[in-house]
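2 protein chains.
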Amino acid sequence: MVDIATRVYNHKWKVDTIVHSLLDTDFYKLLMCQSVYRNKPDTTVTFSLINRTKSIRLAELIDEGELREQLDHIRTLRLSRGESTFLRGNTFYGKRQMFRPDFMEWFEGLQLPPYHLEKHDGQYELTFEGKWPEVMMWEIPALAVLMELRSRAVLRTMGRFELQVLYARAMTKLWEKIEKLRQIDGLKLADFGTRRRHSFLWQDWAVQALLEGMEGKFIGTSNCLIAMRREVEAIGTNAHELPMVYSALTNSDAELAQAPYQVLADWHEEHDGNLRIMLPDTYGTEGFLARAPEWLAKWTGIRIDSGDPATGAETAIRWWRARGEDPREKLVIFSDGLDVDKIAELHGQFAGRVKVSFGWGTMLTNDFRGLAPNDGLAPFSVVCKAIAANGRPTVKLSDNPNKAMGPVDEIARYKRVFQVGKQAAMDVVV
Amino acid sequence: MVDIATRVYNHKWKVDTIVHSLLDTDFYKLLMCQSVYRNKPDTTVTFSLINRTKSIRLAELIDEGELREQLDHIRTLRLSRGESTFLRGNTFYGKRQMFRPDFMEWFEGLQLPPYHLEKHDGQYELTFEGKWPEVMMWEIPALAVLMELRSRAVLRTMGRFELQVLYARAMTKLWEKIEKLRQIDGLKLADFGTRRRHSFLWQDWAVQALLEGMEGKFIGTSNCLIAMRREVEAIGTNAHELPMVYSALTNSDAELAQAPYQVLADWHEEHDGNLRIMLPDTYGTEGFLARAPEWLAKWTGIRIDSGDPATGAETAIRWWRARGEDPREKLVIFSDGLDVDKIAELHGQFAGRVKVSFGWGTMLTNDFRGLAPNDGLAPFSVVCKAIAANGRPTVKLSDNPNKAMGPVDEIARYKRVFQVGKQAAMDVVV
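These protein sequence lines are chains A and B, in that order. Counting in our numbering, the first sequence runs from 1 upward without gaps. Counting in our numbering, the second sequence runs from 1 upward without gaps.
The hints are simulated quantities; they were obtained by calculation from the structure and are not laboratory data. Keep in mind that this is a model prediction, so the values were computed, not measured. The beta-carbon is built from N, C-alpha and C at its ideal position, and this holds for glycine as well. Each hint should be verified, as a subset may be incorrect.
[To be verified] Straight line, CA to CA, 25 angstroms or less: simulated PhoX-like cross-link-like pairs of lysine-lysine:
id, chain 1, residue 1, chain 2, residue 2
1, B, Lys330, B, Lys217
2, B, Lys342, B, Lys355
3, B, Lys180, B, Lys95
4, B, Lys298, B, Lys188
5, B, Lys119, B, Lys385
6, B, Lys119, B, Lys180
7, A, Lys14, B, Lys12
8, A, Lys54, A, Lys119
9, B, Lys188, B, Lys217
10, A, Lys180, A, Lys131
11, B, Lys119, A, Lys12
12, B, Lys14, A, Lys14
13, B, Lys385, A, Lys12
14, B, Lys188, B, Lys40
15, B, Lys54, B, Lys119
16, B, Lys188, B, Lys385
17, A, Lys40, A, Lys180
18, A, Lys330, A, Lys355
19, A, Lys95, A, Lys330
20, B, Lys14, B, Lys119
21, B, Lys173, A, Lys12
22, A, Lys173, B, Lys12
23, B, Lys14, A, Lys119
24, A, Lys14, A, Lys119
25, B, Lys119, A, Lys14
26, A, Lys119, B, Lys12
27, B, Lys355, B, Lys217
28, B, Lys342, A, Lys12
29, B, Lys385, B, Lys131
[Stated by the list, open to error] Below, a sample of chain A positions facing chain B; criterion: calculated Cβ distance under 10 angstroms:
id, residue
30, Met1
31, Val2
32, Asp3
33, Lys14
34, Leu61
35, Phe103
36, Leu117
37, His120
38, Tyr124
39, Gly159
40, Val165
Could you put the whole structure together from the sequences, leaning on the hints where they help?
Below is the structure:
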């Protein structure tokens, strides 16, 4: 018998909102936001959505009105009392009161700033401009909205049983991955899949599946809301936007060369232990490590986010040894382009030589490859990056030239300043 | 745990369609349609929606786009193979092959004709013009759509728990009615509530509740689709549109005076037994019976659809006696403005004196009075009537002057021709 009230409730929705909370974002955004709020609160920054998979014509798939509804809805969100209590009271990385009272007060009053949306050549041009601490909070929800609206556009064409089978297959697929991964002794793995998830509910399901299936090898999620709801650790430290914006703000090549270290000096002030994880690839890992100040070798670990991950890890190991550090005491977090085989391979290569951990993203929360007609639900590569700071363009090089971004002449200048030589190009899948 | 496939299915609906079948209509429409298809197939008729409850400003409550989507969807409907098999193979009123093969063939090809929709003074002007057999099939789905869109407009403002409580209360209310009604010995009652139902699902629930609760006193439903699905009798005979259109087509007062009897003469040709039920009130019951031909007194029964029902029934009883008929052998069907108390009262007054049956409508399928804020879900009085035939206006007088419709001069002429004297005005609630 039909439950009429539930039936009416389910179908009366005008807008099925995607992001329901300001905490539905990656934890490192909050850590970085607090740092920015302290160190660079008045910097004007522009974030921009960039769909690197040009074959997916988002503006043709996704209705502009629907997109605006979702973005407008996000602008109505405020940190709720319970969310604030969680941030103020919870232990993050073993530390209480990770978030300072002045930051929390600011966060409680935060409304995300306006967005600017245009269509161009089948793609959306979505930009956010304003004070850095405010604008930066758009990145993850904007990506999640784009990803989920694209999923919905495809799901809309599918029948009820197709949907049942789709999710049954997706669940089976993920569960089989978990069954393989849990056989790896000593594995430590976190969910890093918020930004490219198939949908919120799917990420939430994935976290619950990991929690049940990974037998303690699942260490947490980058998603702050899911961490709160499922009572797991919130995971994350810092990202490229910090060196990108710090660098854009410099006034000379000499200042520029120091900017990535200035970021970490500010971070050093604020955090210790497992939060002292450097992300060395923004302007090339080799050069970054070669020129790094002594104190950085004391940091807890490194995150490898572009280029060949094994090469990056070997580079770090050599560097630690050269600086008199014991790599076995150091943490290497792999977070780029991971799936089961790559995780197993990297774990086999590095476990014991360093402490290893994995931030598993897209292939955890959006591996719908082969599950929909015309592979319409396969994940794709969309990012939302700081492209300008105080009117100056930002640059990212990374260890993969296919991930480089910024004006051509500035890229050339950054390559010169950071002494980046020839880089191996790798396909960017997701 | 959320069933993601079901969740996605529930919320991806662009249009939650209201009418899903050409059989989601009253059974008498099909009987009348077959009669019209045989006797007056080329008559051009205009049907028009009339909201008698002016305080309900439908065009402000209901979005025009949503209304058009629902009406457009109805135009995509065709009789399905299973539905055709049901109509061809089922027994209706104890008779097989009620629907002739030529009619069925026509019905299988039927697409409802275009509609014309305008807004005026907070109301919708919704008209249908075309061949009578096609246009007449719009009446019930058009009404059902208007009623349910109005329900939805109000339901949309309610929260999940409000909805649970709303339907819990509505179910309780209806069940209590059933508990009272089933205590009436010998009661025979049918669902006549399609046109003013709260929603399709609610009517379907009401029929199932009657089926379980009425202990054999529930004899069927006017809704052809629900009759098919729930395997109960489809109930209904004929309605005012037949004498209204027949009358409009006449060329003299003398022809006009005979038109209502011509309708029943055509019906007499086609049907016998329990389908020979006359509806005498179109131009006043008193005069209709007084001037009726002898053969009409032999008919099985009468349906009382306006005016004071007890008065109407007493008039019929006197008339049968005067014509030498035994009223105890005759069937009186009450179908106007019924609820539990009125049903009990009429049953008490007439059971034994005549065979009594009830066609329970709005207060069965839409008694949401007092259940929503500002009584926003209380039923209201909307009809969809034939207003013109071959370019001439139709007229209805009925036994309640508040239900009269047509141009003023034509009403006066009809009153003269049918010798209608003073009538008692009664409020039209639903």
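*asked:* The hint names histidine 120 of chain A as touching chain B; please verify it with the least Cβ-Cβ distance against 10 angstroms.
replied: This hint is violated: histidine 120 of chain A lies away from chain B, its Cβ roughly 26 angstroms from the closest one there, beyond 10 angstroms.
*When you check the alpha-carbon spacing of lysine 188 of chain B and lysine 385 of chain B, does it fall within 25 angstroms?*
Distance of about 28 angstroms is beyond 25 angstroms: violated.
*Does the nearest C-beta of chain B fall within a distance shorter than 10 angstroms of the C-beta of methionine 1 of chain A?*
OK, holds: methionine 1 of chain A within 10 angstroms of chain B, min 7 angstroms.
*Does the alpha-carbon distance linking lysine 14 of chain B and lysine 119 of chain A stay inside the 25 angstroms limit?*
Distance of about 23 angstroms is within 25 angstroms: holds.
*Tell me if valine 165 of chain A is really an interface residue toward chain B, meaning its C-beta lies closer than 10 angstroms to one of theirs.*
Holds, because the Cβ-Cβ distance from valine 165 of chain A to chain B comes to roughly 8 angstroms (cut-off 10 angstroms).
*asked:* For lysine 119 of chain B and lysine 12 of chain A, compute the direct alpha-carbon distance and say whether it is at most 25 angstroms.
replied: Satisfied, since the Cα-Cα distance of roughly 24 angstroms is no more than 25 angstroms.
_Holds or violated: lysine 385 of chain B and lysine 12 of chain A, Cα atoms, limit 25 angstroms._
Distance of about 30 angstroms is beyond 25 angstroms: violated.
*Would the pair lysine 119 of chain B and lysine 385 of chain B pass a check requiring their Cα atoms to be no farther apart than 25 angstroms?*
It holds: about 18 angstroms lies between the C-alpha atoms, which stays within 25 angstroms.
*Holds or violated: are the alpha carbons of lysine 298 of chain B and lysine 188 of chain B at most 25 angstroms from each other?*
The given pair, whose Cα atoms are some 22 angstroms apart, holds under the 25 angstroms limit.
*If you draw a straight line from the CA of lysine 14 of chain A to the CA of lysine 119 of chain A, is it 25 angstroms or shorter?*
holds (24 angstroms)
*asked:* Just to be careful, I want the Cα atoms of lysine 330 of chain B and lysine 217 of chain B compared with a cutoff of 25 angstroms; is the pair within it?
replied: holds (19 angstroms)
*Is the straight-line distance between the alpha-carbon of lysine 355 of chain B and that of lysine 217 of chain B 25 angstroms or less?*
Holds, at about 14 angstroms.
Checked against the numbered hints given earlier, the structure breaks hints 3, 6, 10, 13, 14, 16, 17, 28, 34, 35, 36, 37, 38 and satisfies all the rest.
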